[in-house]
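Given next are the chains, with one letter for each unit.
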Amino acid sequence: MSEKSKNKYKEKIGKSPGTLLYTGEGSTKETVITLISYNQEKIVSSTCNKLEQLLPMLKPGYTNWIDIDKIQEVPLVEQIGKHYGLDGLVLEDILNVDQLPKLDDHHNYIFFTLKMLSLEKTGQIRQEHVSFVLGNDYLLSFQEKPGDVFNSIRKRIENQYGRHRRKGTDYLLYSLIDVVVDHYFIIVEHLGDRLAELEFKVSGKSDQRLVHSITELKREFIYLRKVLIPLREAIRKLSISENDLIKEENTKYFDDVLDHVNQVIQDLEAQRELLGSVMDLYNSSLTQRMNNVMKTLTVITTVFIPLTFIVGIYGMNFKHMPELEWHYGYPVTLGVMFVIGLCMFIWMKRREWL
Amino acid sequence: MSEKSKNKYKEKIGKSPGTLLYTGEGSTKETVITLISYNQEKIVSSTCNKLEQLLPMLKPGYTNWIDIDKIQEVPLVEQIGKHYGLDGLVLEDILNVDQLPKLDDHHNYIFFTLKMLSLEKTGQIRQEHVSFVLGNDYLLSFQEKPGDVFNSIRKRIENQYGRHRRKGTDYLLYSLIDVVVDHYFIIVEHLGDRLAELEFKVSGKSDQRLVHSITELKREFIYLRKVLIPLREAIRKLSISENDLIKEENTKYFDDVLDHVNQVIQDLEAQRELLGSVMDLYNSSLTQRMNNVMKTLTVITTVFIPLTFIVGIYGMNFKHMPELEWHYGYPVTLGVMFVIGLCMFIWMKRREWL
Amino acid sequence: MSEKSKNKYKEKIGKSPGTLLYTGEGSTKETVITLISYNQEKIVSSTCNKLEQLLPMLKPGYTNWIDIDKIQEVPLVEQIGKHYGLDGLVLEDILNVDQLPKLDDHHNYIFFTLKMLSLEKTGQIRQEHVSFVLGNDYLLSFQEKPGDVFNSIRKRIENQYGRHRRKGTDYLLYSLIDVVVDHYFIIVEHLGDRLAELEFKVSGKSDQRLVHSITELKREFIYLRKVLIPLREAIRKLSISENDLIKEENTKYFDDVLDHVNQVIQDLEAQRELLGSVMDLYNSSLTQRMNNVMKTLTVITTVFIPLTFIVGIYGMNFKHMPELEWHYGYPVTLGVMFVIGLCMFIWMKRREWL
Amino acid sequence: MSEKSKNKYKEKIGKSPGTLLYTGEGSTKETVITLISYNQEKIVSSTCNKLEQLLPMLKPGYTNWIDIDKIQEVPLVEQIGKHYGLDGLVLEDILNVDQLPKLDDHHNYIFFTLKMLSLEKTGQIRQEHVSFVLGNDYLLSFQEKPGDVFNSIRKRIENQYGRHRRKGTDYLLYSLIDVVVDHYFIIVEHLGDRLAELEFKVSGKSDQRLVHSITELKREFIYLRKVLIPLREAIRKLSISENDLIKEENTKYFDDVLDHVNQVIQDLEAQRELLGSVMDLYNSSLTQRMNNVMKTLTVITTVFIPLTFIVGIYGMNFKHMPELEWHYGYPVTLGVMFVIGLCMFIWMKRREWL
Amino acid sequence: MSEKSKNKYKEKIGKSPGTLLYTGEGSTKETVITLISYNQEKIVSSTCNKLEQLLPMLKPGYTNWIDIDKIQEVPLVEQIGKHYGLDGLVLEDILNVDQLPKLDDHHNYIFFTLKMLSLEKTGQIRQEHVSFVLGNDYLLSFQEKPGDVFNSIRKRIENQYGRHRRKGTDYLLYSLIDVVVDHYFIIVEHLGDRLAELEFKVSGKSDQRLVHSITELKREFIYLRKVLIPLREAIRKLSISENDLIKEENTKYFDDVLDHVNQVIQDLEAQRELLGSVMDLYNSSLTQRMNNVMKTLTVITTVFIPLTFIVGIYGMNFKHMPELEWHYGYPVTLGVMFVIGLCMFIWMKRREWL
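Chains as they are written, first to last, in this note's numbering: chain A, 116 to 469; chain B, 116 to 469; chain C, 116 to 469; chain D, 116 to 469; chain E, 116 to 469.
Treat the hints with care, as some may be off.
Identical chains blur together in the list; that is why a pair holds if it fits in one copy or across any two.
What the hints assert, rightly or not - In silico EDC-like links for lysine to aspartate or glutamate, alpha-carbon gap of 16 Å or less: (1) Lys316 to Glu140; (2) Lys352 to Glu243; (3) Lys270 to Asp182; (4) Lys282 to Glu384; (5) Lys174 to Glu145; (6) Lys367 to Asp208; (7) Lys282 to Asp297; (8) Lys270 to Glu348; (9) Lys367 to Glu207; (10) Lys197 to Glu348; (11) Lys341 to Glu384; (12) Lys367 to Asp202; (13) Lys174 to Glu188; (14) Lys367 to Asp220; (15) Lys333 to Glu314; (16) Lys434 to Asp359; (17) Lys434 to Asp293; (18) Lys157 to Asp308; (19) Lys260 to Glu235; (20) Lys367 to Asp219; (21) Lys362 to Asp252.
Keep in mind the hints are simulated off the structure, nothing from the lab.
Values in this document were obtained by computation on a predicted structure and should not be read as measured data.
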């Protein structure tokens, strides 16, 4: 999940600070630009591959949501950047999939980037770099991988559900961020399930693979926190933003998302702390198990070693050993050994070793 | 206690941000709305199930406390929200039982939510999502589960005990929060008792179930802190609020509750730290126990293995072993072995292994 | 020391927030009110049991120090509260022995509460709830248990030592707090001594009781910190107070006490950290001890088990064992075994197991 | 990497606070001063060894980048300081290779120092003390060791790539800092690789050298953080600087570098936390391994010690032992022992010891 | 180093808050007062024992540095305090050797106290309580023990090195603090050396004394931090002081010292963290060693116990044991045992136990 292709940074070093470079993995599918233009009465949606096709379709005065589905096509991103007058540093951040969440306020547009996390069917966490540019009558959304996470929003706009059609681009931005944050709850819940499962397994048996599972879970907690802490900061900036692009009546929505992110973070921290307990549980279970093994060894040894000594005595070949001549020497010896063994057994029983 | 029904979040994701959805467990009992209207002279209390029945009973100029007993009935909550002009996000927070404590100031009303914790007879902690809406002449209280936690307040109002009848809705809000916070002391005290019990048990015997008890206690500490930290923040906001709904003469009461919450938090933190010691205690008790087992094993082995070697020597079948022919060979050998065993014993006594 | 009587909180819950309730342990002695009235020229001191006796003795214009020796007598505290116009919440805090240190500024009087800690002859720490109310020409001091901690101040006032007689109630308050804080140094020093003793013992022998001592010490550190952190905050508020009851020329004294409290806290934190080391020391000493036991076991086993095998060989009853017939078979075998044992011994000596 | 030559500080103590002293290791190469003067149209670059040679080549109105390649030559640094009116404390910081990153704003020039980290081919981290002085039309850069880290910038300026030629000294400073920060990403990535490798090795086998590798890695994390935290602070000061030397239009570049530094720090913190897991992994793998050894010992002992006792019984030399006379005594005994051994084996199989 | 004489605090408790009391250890040497008066042209230095001798030698308009060499002579300190109008609380702090670093600004003079740490030849850290009082034309320095730490400053003033003679008392104060802070670097470096040595030793052998060394080092880190944190705060206050006694042009010097203190603190924190690793190293080395011991035990036992069982079988005295009669019974048995032993050996070789 947080794997990086090696030497990625090395490529960049020789280059000028402003050189645009896509840092994610390649993909062979074609980029799709989806445009949805709507106001309270009308809605038009269309799809294309090139900027030249897109431009004539934009409707001034409408809310234009331009969703670019794949950011591997660097020249397209560059053209869009030029058309909307985006700063070179913003374009760099759109293309850099390692960029952590942040908000940049450029007066006439606001740049916002975050990580979309979703759960794949295999239980693995899929990570996607998503960026937004909020303008006066347009919202650009850049997705790393083609996907249908924003489909629910699209449908709601088309079906005139919710407040979308009455509200502008800032409310649209809120909805999109809200969808992403809602997915975090699922991820944290999923990690919580894995944690509970681990806790259950850990006291059942001591398998070294469990420690690996714990480490892996820890790595994902660490990754999530790395992504969530700057996200909180970015959303906080949105909700206190004095930029006119965010209407004052809508800041309450961003406050609400902020509240959700805080809740995710607190759930995460609580789980992280519990993970430490699971490691403790594993370690003490390991020691407990060793204790049991040692006890068995000690019990067997303690009972039989003195008895073996006794039978060794009567195995000696001295000429003059009166006991050997006695008629009941053998059964008496067996009896004595039985009594000794029994005493040992009782003594250990009392010390709760059995 | 902090268990969540799985897949809860998934349901929500497709929906519009403003869709109202109850996130707790169901209940078959009917919702009960209890209205108590009072001023310094008069008091009227009544009960109903529907908003239409309630509305004509409200008395303007009186302090109207409307207690909704179960929030599973989403449409009722929605109607009340509409009637009092509550924001959709507030209604969402009323219905979302995972919402952490918070305060939202909406100028003409204040929304406050917290968790009611109470101790069931089984020793388990019962958690309830409770929300308040403070208006000018009304206080709405939403409880997740029907219960009698606020009965003491109700009685005091009816019996004209305390300052209730002279003071308005803000003092009523304070009383209700105070009751909830008082219950936290009981919970923390109860956890403290369980901790002391664990500490006692842990050095008595090494049972793997104890580690589970420690983990469980830790989980409850983590949960309590998760609930208390935002509660402190919310009450702090109340006590420094500049909203006219909180009269300046009454802020001292909220200061006092804040002080109580701080005290609960400090007790909690102190106990959390002690819990770490209990784990240490358990681990060192485990090692100590292993040490004792090892010592026994070593003592037995160390004494008997050399002696067994000696008797082995005289069990050899060599033709020419002069000792075997000696008349006192056997008793001398026994004597020598006794002396060797004694020396071993003394040596180990000195090293404090016995 | 931090023990609480159970169910204490439960009693309170049904009651009105303003209900006065003494939360400490009972005492059969009678309450004693000691009044010392002084100015630069005159000093009058007297003792009584009731408020009615006290009131005529107060001297306006003098510094009136009214020391109430036991707070179990709730009605007396209530009467005094009424006479001086104290808030109900203040009276509650005076009577609640679990109240942590705090300062409440009520314009015409300042309420200050802290914990008096003293060392009993048995080495145990005695804890007492002490409250002060600072007015214009009076200082009320409420002590939980009768004691002589403030006697030194009383003597100094009577004997015209120090600055007391020239200065007013605020300087008196400072002196009393200073005496209490000076006692904290003794407590921390005493805990430091116990820590040093533990550190010494811990490497001497591994006794499970030592772990209990460590836990106990930790509990007292935790308690002390719980009491000191809010005390620091309360004194800080005093030293920056803009209330005219604290004369500006006297704030430097409160700065000085604040400085002392900071120093106690830092000593405490340093010792707390060292306590962690003592636990480490104990654990590694436990492991070291186990290592030594294991080594002994291994040495004995490693030397004698192969030898026992050899003597076993010549104890076999095969008809055709040529060695048994040899004349020097026995001494040669003994010799070989001696050499083998010696080699083993040397090998283990080299690995530093002996 | 963070090694220091001993007694370095001792030398300094007797000296005046303003005494200039190079604190790094010596080098025999000659200092090289490289001057690049450029504006949007022209560019001149030259190389010399002495200040006298340098001064006539400076071009007023151009951006003059003076790169001093080795700071061992104290008198040269002093002359340059005098010529540009640098404070004695600044010169001290330029020469003190232990100086942590910082920014000093001296109104007419800004002093900035940081650590250049690069990866040598051996995998070791090379550390270099680099300082900048930003003036109105000049930028001094002081490097501890001759190297080619800034060559990429030099080429870009010469080839008129990027924005360099249009922008002034502040943009040049940004580019140089950016190159250094880009190298941090490589370092952190390299440490991450080493961490992953360790994690893999640690569960494979328990080699004490692995613990050393973990400690070494930890030391480098600690060093990196020590260098990065003040660097963040210094860059933050640059980006909010109100000094006219940093043009307002260029602060966004410093914001961008700040963002990168934050990202490096967060990666670092994430890896540091994972390192703790690797140590846990190692420890539990060690215990697990011990468990396995113990199990083997216990299995062998538990099976054979009782059997050896039985054969010992029939090795006794009592006159009257009826079993010895029986015709099938021997095979029956063998059979019984086999059954006992089998039972033991099954019992241990069930307890999952095999 | 941080040892305190017991019961010290008890003595103080009965006393008035303003009672002067020297809290350090006694000394029999006589107090020496050294006066150095200088301005840019002239310098006069003299030595005496009494205040009466000192007063006539003070030169108004000059920078008068009065160095009191031993603070055990309480009456002298009191006289000086009276002469310069120092507050009683300041005198208390001068005499209290446990006083942590702090700065008190009394308008017409500034009081500054810190700890002088130096390394004795035995490797022990010598601690000294040093206080300064900065007035308009005088600087008082109070040293606990006679020593030569300030000699280097004295020489520089006399020899007109550095900026001393041109600058006033504030620069002198800076120089003296700078000397003290420079010594901290030596201490931290020395502790770093001891840490490195420990790290080396710890993996060599497991000696319980090493744990003591680690604890001792930890104690010194804790002490250093306790002294450095308030020192940083005190110097920070100096550097932002608005008192005219600190000329604005000289604040940069205090900034520089502040920077040094920060660097010492960061070095210290880095080393403290490494110390934790050393403890980890020790513990895992202990476990590793135990593992090795266990392996040896297991190897020996596993090889010989089955073989001993076999020889036991043929030591039984059954009448009918056909193998005993066989001609090659003995060598075959030996051969079989050799093969079994070999298999065991190979099996354990594979599991890497040898």
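Quiz item: Broken hints, numbered, in rising order?
Solution: The structure conflicts with hints 1, 2, 4, 5, 7, 8, 10, 13, 16, 17, 18, although it agrees with all the remaining ones.
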